[in-house]
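Engineer: Taking the hints into account, I'd like the entire structure generated from these sequences.
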Amino acid sequence: MLAYTPLDEKSLALLLNYLHDFLKYLAKNSATLFSASDYEVAPPQYHPKATLLKMKNGEKERTHRLSMPPTPNPGSYKEVEQQGALSTQGHREPFSG
Numbered sequence: 001m002l003a004y005t006p007l008d009e010k011s012l013a014l015l016l017n018y019l020h021d022f023l024k025y026l027a028k029n030s031a032t033l034f035s036a037s038d039y040e041v042a043p044p045q046y047h048p049k050a051t052l053l054k055m056k057n058g059e060k061e062r063t064h065r066l067s068m069p070p071t072p073n074p075g076s077y078k079e080v081e082q083q084g085a086l087s088t089q090g091h092r093e094p095f096s097g
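In full-length UniProt numbering, the protein residues as written are 1 to 97.
It cannot be assumed that every hint is accurate.
Said to hold, decoys possible - Dumping the calculated SDA-like pairs for lysine to any residue here, alpha-carbon to alpha-carbon at most 25 Å:
hint	residue 1	residue 2
1	Lys10	His20
2	Lys49	Ser37
3	Lys10	Asp21
Hints are computed from structural coordinates only; laboratory data are not their basis.
Just so it is clear, the structure is predicted and the values come from calculations on it, not from any experiment.
Structural biologist: Below, the structure written as structure tokens:
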């Protein structure tokens with residue numbers, strides 16, 4: 001998105017300063033913002049669903065790799081699967097314009 005945004009030098013410097021401040025905030029507060037105990041290792045059945053998704057686009061078949069975060073602890077893997085979060089139903093075709 002930023003690649004298509006015309007920014008002059010002053011605006012770019014301001015954006016970089018805000019980004020740098022945000023990264024410092026994340027580093028300073030990482031203990032309260034991120035916790036390894038919030039995640040669990042996904043079972044082997046999850047990985048094929050999360051890493052490969054084949055879609056038909058006209059006559060071409062594309063394989064898309066998805067980057068999925070670890071499964072959160074509050075809802076177990078089975079609860080997430082039951083809610084349909086790993087389902088490919090309702091998936092829209094990619095923009096081909």
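Engineer: So, for every hint listed, does it hold in this structure?
Structural biologist: Hint check results:
1. Lys10 <-> His20: holds, 15 Å
2. Lys49 <-> Ser37: holds, 23 Å
3. Lys10 <-> Asp21: It holds: about 17 Å lies between the C-alpha atoms, which stays within 25 Å.
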